[in-house]
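Asker: The residues making up each chain are set out below.
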Amino acid sequence: MPLPNQDRLFPVEPNLRGLARALYESVEALPIISPHGHCDPRWFAQNERFPNPAELFVIPDHYVFRMLVSQGVRLEDLGVPREDGGAVERDPRAIWRRFAAHQKLFRATPSAMWLAHSFDQVFGLTEPLTEANADEFYDRIDTMLGQPDFRPRALFDRFGIEVLATTESALDDLAWHRQIAESGWQGRVITTYRPDAVVDPEFEGFAANIAQLGALTGEDTGTWQGYLAAHRARRAFFRDHGATATDHGHPSARTMDLPQADAAALYQKILTQGATAAEAEAFRGQMLTEMARMSVEDGMVMQIHPGSRRNHHAGVFARHGRDKGFDIPGRTDYVSDLQPLLDAVGMEPGLTIILFTLDETAYGRELAPLAGVYPALKLGPPWWFFDSYEGIQRYRETVTETAGFYNTAGFNDDTRAFCSIPARHDVARRSDCSYLANLVGTGRLSESEALEVAHDLTYRLAKDAYRL
Amino acid sequence: MPLPNQDRLFPVEPNLRGLARALYESVEALPIISPHGHCDPRWFAQNERFPNPAELFVIPDHYVFRMLVSQGVRLEDLGVPREDGGAVERDPRAIWRRFAAHQKLFRATPSAMWLAHSFDQVFGLTEPLTEANADEFYDRIDTMLGQPDFRPRALFDRFGIEVLATTESALDDLAWHRQIAESGWQGRVITTYRPDAVVDPEFEGFAANIAQLGALTGEDTGTWQGYLAAHRARRAFFRDHGATATDHGHPSARTMDLPQADAAALYQKILTQGATAAEAEAFRGQMLTEMARMSVEDGMVMQIHPGSRRNHHAGVFARHGRDKGFDIPGRTDYVSDLQPLLDAVGMEPGLTIILFTLDETAYGRELAPLAGVYPALKLGPPWWFFDSYEGIQRYRETVTETAGFYNTAGFNDDTRAFCSIPARHDVARRSDCSYLANLVGTGRLSESEALEVAHDLTYRLAKDAYRL
Amino acid sequence: MPLPNQDRLFPVEPNLRGLARALYESVEALPIISPHGHCDPRWFAQNERFPNPAELFVIPDHYVFRMLVSQGVRLEDLGVPREDGGAVERDPRAIWRRFAAHQKLFRATPSAMWLAHSFDQVFGLTEPLTEANADEFYDRIDTMLGQPDFRPRALFDRFGIEVLATTESALDDLAWHRQIAESGWQGRVITTYRPDAVVDPEFEGFAANIAQLGALTGEDTGTWQGYLAAHRARRAFFRDHGATATDHGHPSARTMDLPQADAAALYQKILTQGATAAEAEAFRGQMLTEMARMSVEDGMVMQIHPGSRRNHHAGVFARHGRDKGFDIPGRTDYVSDLQPLLDAVGMEPGLTIILFTLDETAYGRELAPLAGVYPALKLGPPWWFFDSYEGIQRYRETVTETAGFYNTAGFNDDTRAFCSIPARHDVARRSDCSYLANLVGTGRLSESEALEVAHDLTYRLAKDAYRL
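Residue numbers (numbering that gives the first Met the number 0), protein chains in the order written: chain A, 0 to 467; chain B, 0 to 467; chain C, 0 to 467.
Worth double-checking, as some hints may not be accurate.
Intra- or inter-copy, both count: the list cannot distinguish identical chains.
To be verified - Calculated lysine to aspartate or glutamate pairs in the DMTMM-like style (CA-CA distance at most 25 Å, straight line):
no., residue 1, residue 2
1, Lys462, Glu27
2, Lys462, Glu126
3, Lys462, Glu167
4, Lys103, Glu347
5, Lys103, Asp332
No wet-lab data here; the hints were simulated from the structure. Please read all numbers here as calculations on a predicted model, not as lab measurements.
Construct all of the structure, not just a fragment, from the sequences and the given hints.
Answerer: This is the structure we're talking about:
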């Protein structure tokens with residue numbers, strides 16, 4: 000990976016490059032709105048130093064370790080914990096060296112760009128990381144992490160983050176968010192309501208989760224009405240900790256709108272006898288519609304992230320658990336699956352549902368046509384594997400002609416890799432400015448319109464869509 | 000949207016731009032062949048003035064009003080009639096102002112380009128439409144519409160239309176077409192045979208439609224043979240009014256080739272007891288094959304437009320009816336679904352079937368490989384949401400390498416927005432010339448070949464494919 | 000088609016063009032690694048002259064004759080044999096003239112480029128082929144084919160082929176390969192184990208094939224264990240004739256991992272009573288997993304080529320048999336279908352499975368995410384209809400950001416058209432260098448990295464992946 004250069008990701012043709020650069024310069028310094036992600040709120044509550052380079056850059060980043068695994072490196076050798084407590088590499092420097100020795104695997108990937116940007120902008124390391132300079136990198140990063148300027152809150156400020164949303168389970172006590180609020184620190188770190196553990200009958204420990212949901216809220220979650228009331232209570236509790244949105248990670252986009260009596264009966268059946276696969280799918284689908292109805296009531300923005308086939312390899316899942324790089328996208332239908340929910344609430348003017356996809360074929364065929372007509376729908380940015388230069392170009396080229404810019408929701412970084420946040424937003428800003436420069440260069444947008452749109456894509460759309 | 004500029008949609012690199020411009024200049028002035036669309040033949044029969052700017056540009060254009068709806072404007076406030084006769088906005092100027100106030104929604108969409116082109120080329124309005132100049136636009140357009148030069152026939156001539164095909168139901172009396180023919184006006188406006196209402200058992204009023212088909216033809220549509228004979232008679236009647244083609248809008252591309260006794264039994268079952276969803280699908284599929292067989296007999300070109308999931312929102316459908324922007328594409332299979340029809344008649348040298356898609360994934364995987372070997376098949380241009388600059392690039396880049404240019408059928412505008420016809424053909428000509436310039440610039444086509452191909456894509460292929 | 004020019008397929012922007020040219024010059028002369036294809040080993044065993052231009056360029060090339068068929072030329076008139084021995088054109092010059100008269104059909108297709116390259120580089124014919132010069136081309140090519148320099152072995156050497164893999168049925172006696180080995184000629188022509196005829200219960204003559212497999216190996220293929228042992232024996236026999244790989248052409252990517260007792264019972268059921276469609280699919284799926292397990296044992300690289308719907312038109316299949324241009328791609332699932340095999344052996348460090356697709360939607364959604372994490376998986380190059388300039392760009396742009404370069408397997412020509420081999424590799428080298436130049440120009444790869452990657456894509460990755 001080359002050092003970051005000032006014109007990276009801009010078109011090569013000189014006129015377009017100049018246009019893209021001018022657009023980028025107008026948005027480069029805007030604050031970061033990060034309305035969806037997976038940073039740990041504890042970082043900002045406790046504000047302790049990040050332990051070491053391997054724990055910052057390698058061990059928690061599934062983009063990074065999955066690539067090493069694909070070429071035969073064992074997860075154990077990268078320090079990824081085992082569920083059975085079995086031995087894994089404990090020496091962060093050894094992990095770092097393995098990571099450094101495999102840099103060429105990342106050529107032309109977003110990870111390469113994010114890492115180079117972080118090394119350069121955060122740690123002043125402008126050379127490419129190699130096996131030869133691995134220790135030099137390690138020592139410098141490790142030393143800097145020990146300095147006050149590199150504590151989480153200091154980095155948050157340095158990164159220019161205006162607001163950062165984390166994601167917590169519906170059962171979370173939000174203690175870290177409370178601690179942040181009570182600390183007097185001015186950084187805005189808010190939570191997001193993620194109820195998968197209590198709406199998905201196939202989630203580990205579903206029955207216990209439902210019981211806990213009852214205990215937390217004082218509602219009788221043994222009944223359908225009590226269960227819905229408990230959700231309302233938890234949503235209010237999350238809003239008290241800054242939440243403006245909910246998030247739903249489902250295998251499909253299936254929604255249902257059963258008569259309430261049938262929904263109640265389905266809930267009873269599942270609670271007392273467990274769920275078949277079809278019942279679990281139906282219940283998740285029903286709950287998306289219920290969540291949407293609650294959003295109409297309480298104004299929370301709803302995010303749907305469907306289509307990941309989680310934990311694809313049974314052996315890796317048994318040994319290392321969730322989120323270990325073995326989540327693979329699958330075909331996702333939106334047109335039929337969302338119809339029950341949209342029939343129920345799709346025309347509600349006060350509702351915002353932000354749709355994501357891991358199936359790019361849906362952009363032009365389903366998502367842009369849907370978002371281009373339903374007032375309740377907006378499209379989230381390219382997600383996960385598609386949060387990349389080419390992914391962004393494909394998204395803009397396929398979505399914009401049908402849905403325009405104003406049915407999209409700006410950028411999300413969706414990351415747990417804290418240092419990658421400014422890098423990801425920078426890639427998105429550059430990629431969008433390249434796209435806009437192409438529109439101007441080919442007479443599809445005026446320069447003044449492009450300047451306004453660049454600002455909207457970078458800042459205003461995310462802020463408005465998430466009501467921040 | 001910027002004012003139209005002379006080099007819009009051409010590549011930015013100067014050599015390619017020059018090539019694209021030269022190609023475009025060679026086809027810019029060619030007559031328009033419009034072999035598929037939805038203009039109202041009454042316009043040309045009566046040749047009355049278009050009522051006002053809102054009825055010309057907003058109320059009938061689902062591309063336009065769906066975008067406003069997506070941002071919370073009510074269909075009622077745009078003057079779109081209600082099925083129950085409920086109140087809708089009656090003031091065309093108020094509708095026009097709402098439309099003008101939301102122009103930024105159309106940025107970088109084909110609608111923006113079509114509208115700007117129409118305003119400029121038809122009405123001499125070169126500024127962008129804004130909230131501020133909405134009344135100025137309204138008054139100027141309204142005044143001009145009252146002038147003889149802006150009557151439908153005058154615009155038809157000014158637009159350089161050589162032939163325009165409209166689309167009528169199999170039950171239509173074609174009175175407007177007869178009136179046009181008898182008027183002595185030289186404009187060639189022909190009809191197209193669209194039998195959905197009498198081949199789709201799920202169409203509103205199917206039984207009554209079948210009875211009416213019998214009454215119109217004197218055939219006994221209570222029998223399978225009589226029903227087929229009635230189709231033959233109506234096809235002949237349509238040919239007498241200029242039709243060279245039939246058109247079929249089905250939810251899928253499913254075809255069937257049942258033994259005739261089974262087809263007759265299915266028809267009887269449906270007529271006497273109604274159709275299950277599966278029987279309706281089978282019957283539509285059988286009728287595609289029957290229509291193809293009749294095309295072998297009578298030489299009519301067959302168009303198949305599959306894959307739209309119509310009337311996605313039940314409430315909007317109940318309130319406002321069909322064609323209100325809530326038709327959403329869905330996944331469409333061609334390889335299996337067309338096999339029965341192709342086994343029956345796919346190798347017929349005299350048959351032409353033109354395939355369309357709303358599922359772009361089919362271009363490279365299914366449609367180009369099929370059209371690249373079956374003599375009966377040709378590919379229609381990018382359709383509906385994909386009739387756009389990027390849509391055309393994706394189509395050419397994905398289709399051409401497998402099917403070449405000569406298994407495609409030139410351009411269709413497929414519009415009911417009359418003023419957009421020259422704008423749409425202009426976008427298609429420019430987009431194709433950009434694509435061809437890229438081929439020449441990268442050594443994949445010689446300049447003399449590109450000139451010939453540009454002419455073919457603009458004019459000859461449509462004329463030949465539709466036998467015009 | 001224009002004459003080949005030195006900068007064809009390179010970007011037009013001068014800086015990018017210079018970069019692409021520099022990269023290309025660094026790999027242009029590298030030897031050809033051809034690890035997967037369908038050349039006839041008899042050519043190199045007997046080293047007789049190719050009979051005539053029509054038999055070299057037209058009759059065996061389904062890319063060529065399918066395009067002529069699509070425009071109404073009959074297979075019979077192109078000399079393609081009939082299964083019933085019916086009359087077909089016998090005059091190669093008449094076939095050649097028909098081919099020459101339809102050259103414009105190939106505009107902007109890979110065939111045009113391959114043909115022009117062969118005419119120019121192999122036969123010194125630099126003009127475009129036309130109806131007018133058809134005889135001149137015919138005579139010159141025919142004369143040259145009679146010269147010693149144009150015998151198969153001489154061309155093999157002139158083309159710079161380091162290794163060429165052919166593909167033989169599991170039942171083949173490999174006599175031609177033995178003859179090549181015993182001839183003393185130094186050209187490396189190796190075989191590949193293709194067991195479709197003995198693993199697919201729907202293959203013509205399956206029962207007889209199983210019996211023959213038993214006879215060839217001395218194993219009792221009436222039992223599951225004997226059947227597996229027979230495969231092991233044949234794989235060893237193929238390895239003795241140079242094979243490093245197996246190849247599997249299945250309608251889908253379905254795999255199964257039944258308990259051995261169930262697999263044995265399924266085999267018995269199929270042998271004694273035949274297979275339902277579902278049982279055939281299950282058995283093919285089971286055998287992919289068995290083949291993968293044998294690859295873990297014996298180190299053979301496994302290739303899976305799924306997704307072709309073969310022999311789409313029943314009449315053409317009955318009249319002319321297999322491989323007549325009527326194989327059409329279909330939707331292909333990998334995520335669910337490969338899961339049983341991957342659960343069984345996907346994490347094996349010594350195993351290499353190379354996946355191909357005819358469904359480009361799988362690149363970004365399924366294949367790159369799978370290959371980007373499973374050590375056993377690598378992605379083959381764009382296949383068949385997608386072995387083209389645009390196909391290669393789409394592949395690189397969609398695959399690289401998720402899987403990088405090092406989970407791909409270099410280029411395959413997959414051809415039975417011998418003279419197209421250097422042409423195809425040249426197109427791939429140029430296309431990849433264009434892609435790399437774009438990465439460098441937009442700051443996503445350094446120039447030194449690009450030089451190394453260009454070499455890897457051209458030479459090293461194929462050699463390593465196929466263990467050559």
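Asker: All hints, please: hold or fail.
Answerer: The hints, checked one at a time:
no., hint, verdict
1, Lys462 / Glu27, "within (17 Å within a copy, 45 Å between copies)"
2, Lys462 / Glu126, "neither (36 Å within a copy, 31 Å between copies)"
3, Lys462 / Glu167, "within (20 Å within a copy, 48 Å between copies)"
4, Lys103 / Glu347, "between (50 Å within a copy, 22 Å between copies)"
5, Lys103 / Asp332, "neither (36 Å within a copy, 30 Å between copies)"
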